[in-house]
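Given only the sequences and the hints, what does the whole structure look like? Please build it.
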Amino acid sequence: MKKIFLLFCTLIFNPMYGQDAAAFRSSFDALSHISASANLQQTIGVTKITIEYYRPNARDREIWGTVVPYDKVWRAGANIATTIEVSDNVLINGKPLKAGKYALFVLPGKKEWTFIFDENSFQFGAFFYQGSTDALRVSVPTVKRNNKTESLLYYFDHVSYNKGELNLAWGDRSATLSIETSEDAIIAAVTDKIKDAEENNNHRAYIDASAWALDHKKMVDKIPAWLKASRDIKDTFGNNFLEARLHALNGDYDLAIKAANTTAEKFPQFTVVTESFIARWQKEL
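Heads up: the sequence shown runs through residues -18 to -1, 1 to 267, numbered per mature numbering (1 follows the signal peptide of the UniProt record, and there is no 0).
By construction, these hints were calculated from the structure, which means they are not laboratory data.
Possibly wrong hints are sitting among the right ones.
[To be verified] Restricting the straight-line Cα-Cα distance to at most 30 Å, the calculated cross-link-like pairs of lysine-lysine (DSSO-like) are:
no.: 1; residue 1: K175; residue 2: K210
no.: 2; residue 1: K200; residue 2: K177
no.: 3; residue 1: K177; residue 2: K204
no.: 4; residue 1: K204; residue 2: K145
no.: 5; residue 1: K130; residue 2: K199
no.: 6; residue 1: K177; residue 2: K130
no.: 7; residue 1: K77; residue 2: K199
no.: 8; residue 1: K77; residue 2: K145
no.: 9; residue 1: K80; residue 2: K93
no.: 10; residue 1: K216; residue 2: K80
no.: 11; residue 1: K177; residue 2: K80
Spelled out as structure tokens, the structure:
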């Protein structure tokens, strides 16, 4: 029976038979499965990360060392191999991984797990895993959890400007990968915003870039020119109030309050916003 199943998988997942990964998954997911399908998306910086996987349940079973044997490559889920796709180059625990889609496998040990990023992303389970197309391997310690996770779970945590953590939890164990995205990609996205603003007289794009710069305290010297260009196209609450915020960022709270009051007079419908910031800035005087 096992040989028949493996032959079936070989036919289905052999590229010469013209199987399309997305079409196969869509067809497969059209029915209910014991291990439900899941899709996880997270943006870190401007890099989009997508994980597609299936969620087996523990069902009172001993997971580690039994359901999932130690020292044997595991699909890190169920059914079709778990995949991870990154839209830009990233660092996984400090190691480079190129933009692309990968099958994500785990080699579990008693104290640490090795995460494997395989360039052959379209696989059923880990039956045909060879190791010859590995893009990256990263070993991390496992953590024993007080509260058991019934359904296998991937989740992101501690997501910040260009960093985040990807966690895999099942049963009483979990492990964490750190992900760092490229700041160059973030700056490039801001540059694209300004290009859009200049080419299309897009006042909103100038506002978006200015708000980003204020929030992250980067390219602050560019903000005055961006806000002026935005106002020259269209005078709005956004490009007026961001000027007040810029004064506050520079520590000039008198000017910030004055600019906020002027903004409130011009755009009274946003008074509730300006008043809350003015109250905060008055405490800094």
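Going through the hints against the structure:
1. K175 with K210: 16 Å, holds
2. K200 with K177: 18 Å, holds
3. K177 with K204: 14 Å, holds
4. K204 with K145: With Cα atoms ~25 Å apart, K204 and K145 stay inside 30 Å; holds.
5. K130 with K199: Measuring from Cα to Cα gives roughly 41 Å; hence the hint is violated.
6. K177 with K130: 50 Å, violated
7. K77 with K199: 27 Å, holds
8. K77 with K145: Given pair K77, K145 holds - Cα atoms ~14 Å apart, limit 30 Å.
9. K80 with K93: 28 Å, holds
10. K216 with K80: 41 Å, violated
11. K177 with K80: 27 Å, holds
Hint violations for this structure: numbers 5, 6 and 10, all remaining hints satisfied.
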